[in-house]
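**Student:** 297 is the number that full-length UniProt numbering gives to position 297 of the sequence shown; each next residue is one higher, with no gaps.
In case anyone wonders, no lab produced these hints; they're calculated from the structure. Among the hints, erroneous ones may be present.
[Unchecked claim] Within a straight-line C-alpha distance of at most 27 angstroms, the following computed DSSO-like cross-link-like pairs (lysine-lysine) qualify:
id: 1; residue 1: Lys76; residue 2: Lys64
id: 2; residue 1: Lys366; residue 2: Lys194
id: 3; residue 1: Lys64; residue 2: Lys187
id: 4; residue 1: Lys211; residue 2: Lys151
[Claimed, not checked] Simulated restraints on C-beta separations:
id: 5; residue 1: Val351; residue 2: Met197; range: 47 to 53 angstroms
id: 6; residue 1: Pro207; residue 2: Ala278; range: 21 to 27 angstroms
id: 7; residue 1: Ile315; residue 2: Pro153; range: 15 to 21 angstroms
id: 8; residue 1: Ala278; residue 2: Thr142; range: 29 to 35 angstroms
Backbone N, C-alpha and C fix where the C-beta goes; we use that ideal spot for every residue, glycine too.
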Amino acid sequence: MTSRFIRSISSSRCDGKSENEMNNGDEESSKYPLVGILSMRGGDGHNSYSTNSLLQRRVLSMTKPILVKNTKEMMKNLDFPKCIKLADLGCSSGQNTFTVMSDIVNTIIALCEESNKNPPEIDCCLNDLSGNDFNMTFKFLTFFNDKLTSKIPCFVSGVPGSFYSRLFPRKSLHFVHSNYSLHYLSKVPDGLEKNKMSVYITGSSLPSEHKAYLNQFQKDFTTFLRMRSEEMVSNGRMVLTLIGRKTLDDPLYRDCCHWLTLLSDSLRDLVFEGLVSASKVSSFKVPFYDPNGDEVKELIRNEGSFMVNDLETHIFDLGLSNEEYGLQSDRAKAGEKEANCIRAVTETMLVAHFGDAINIATLFEKYAHHVSQHASCKNKTSVSLVVSLIRK
């Protein structure tokens with residue numbers, strides 16, 4: 001690297017819009033405080049996201065071919081710009097975001113060498129909510145530097161803020177990436193009062209509950225596309241990966257091993273044992289939606305700023321089937337591994353809602369037990385949607 005610096009970008013804007021206009025989610029964040037701290041658990045301890053994000057790393061490996069393909073096409077279609085601005089939205093804490101950035105930068109380096117072009121200066125912008133542990137992320141700068149195949153001018157910055165608002169100046173971004181972030185909503189949908197003792201949609205939910213979640217996802221994803229359309233240059237690229245579901249006739253279907261169904265079961269166990277109140281559990285909902293491919297394509301078409309370049313649905317093995325399931329101790333180990341992953345993702349939300357009224361360790365002991373007891377969890381899979389977009 002010829003130069004490198006870390007800068008934290010404040011909330012001031014240079015496009016003439018007020019904060020009230022830009023951050024249209026702020027009022028909702030105060031109404032639904034858990035959304036404002038929808039960050040993964042920081043640090044590098046046993047229960048941290050950095051320690052328990054191997055699944056997300058495997059997803060990144062799966063999506064790398066699309067990432068490389070779109071990076072090459074972007075560079076060629078933009079005629080090898082002298083400066084490239086990249087953004088990873090929902091970067092979280094740990095090394096995964098630098099895995100993505102190094103893949104993009106190394107692809108650019110290799111393409112420039114093949115094409116006998118001078119490599120550009122590259123601005124790598126890492127975005128997440130202000131509660132994210134950026135300090136933990138930036139500890140992996142050496143990891144990033146070591147993964148690069150050539151030393152070129154590369155600058156790394158932290159950009160705190162919601163990706164449902166404007167984050168960058170107009171027409172400044174060339175490439176946007178987001179992995180396992182856009183399934184999280186800007187707020188808990190309204191109208192879920194009848195969905196007792198379940199943190200998300202189940203097979204017994206009312207159709208109105210699915211409609212509430214779908215409506216919120218439609219609003220949020222459209223807002224996301226609109227914000228990025230203002231920030232991106234024409235022919236810029238986005239590669240987005242999110243948890244989805246298969247296209248099924250029943251939009252309420254979630255199997256017994258869906259991670260939020262297991263979380264609901266674990267919370268109910270605490271209620272039955274008198275360790276937390278039923279009313280407190282009934283009022284806890286996760287701002288999450290797992291769309292199918294048709295829902296995503298329709299929203300992209302209706303918003304109108306982007307063209308779909310790739311859209312793939314991957315049935316992704318979560319890895320539990322790779323455990324030796326013959327012994328109870330092996331099943332318990334597999335359950336504990338998944339429980340640690342889900343704890344790293346949900347702990348901040350749970351603590352924000354329940355406070356001292358819940359023992360997080362006990363809750364995820366229950367979670368691990370449910371995973372180990374469900375035979376169908378042995379071959380548990382997850383659906384990942386991968387979509388690449390071209391800014392028109």
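**Student:** Starting from lysine 76, check that the Cα of lysine 64 is at most 27 angstroms away, please.
**Tutor:** 19 angstroms, holds
**Student:** Quick one, are lysine 64 and lysine 187 close enough, alpha carbons at most 27 angstroms?
**Tutor:** 30 angstroms, violated
**Student:** Within a Cα-Cα threshold of 27 angstroms, do lysine 211 and lysine 151 meet the stated pairing?
**Tutor:** Violated, at roughly 50 angstroms.
**Student:** Please test the hint of 21 to 27 angstroms on the beta carbon pair from proline 207 and alanine 278.
**Tutor:** Distance hint for proline 207, alanine 278 holds at roughly 24 angstroms.
**Student:** Would you say the C-beta atoms of isoleucine 315 and proline 153 sit inside 15 to 21 angstroms of each other?
**Tutor:** 41 angstroms, violated
**Student:** So if I understand the rule, the pair passes when the alpha-carbon distance is 27 angstroms or less; does lysine 366 with lysine 194 pass?
**Tutor:** This hinted pair holds, its Cα atoms lying about 25 angstroms apart.
**Student:** Please check whether valine 351 and methionine 197 have a Cβ separation lying inside 47 to 53 angstroms.
**Tutor:** 20 angstroms, violated
**Student:** For alanine 278 and threonine 142, compare the CB-CB distance with the range 29 to 35 angstroms and indicate the outcome.
**Tutor:** 49 angstroms, violated
Of the numbered hints given earlier, the model fails hints 3, 4, 5, 7 and 8; all others are met.
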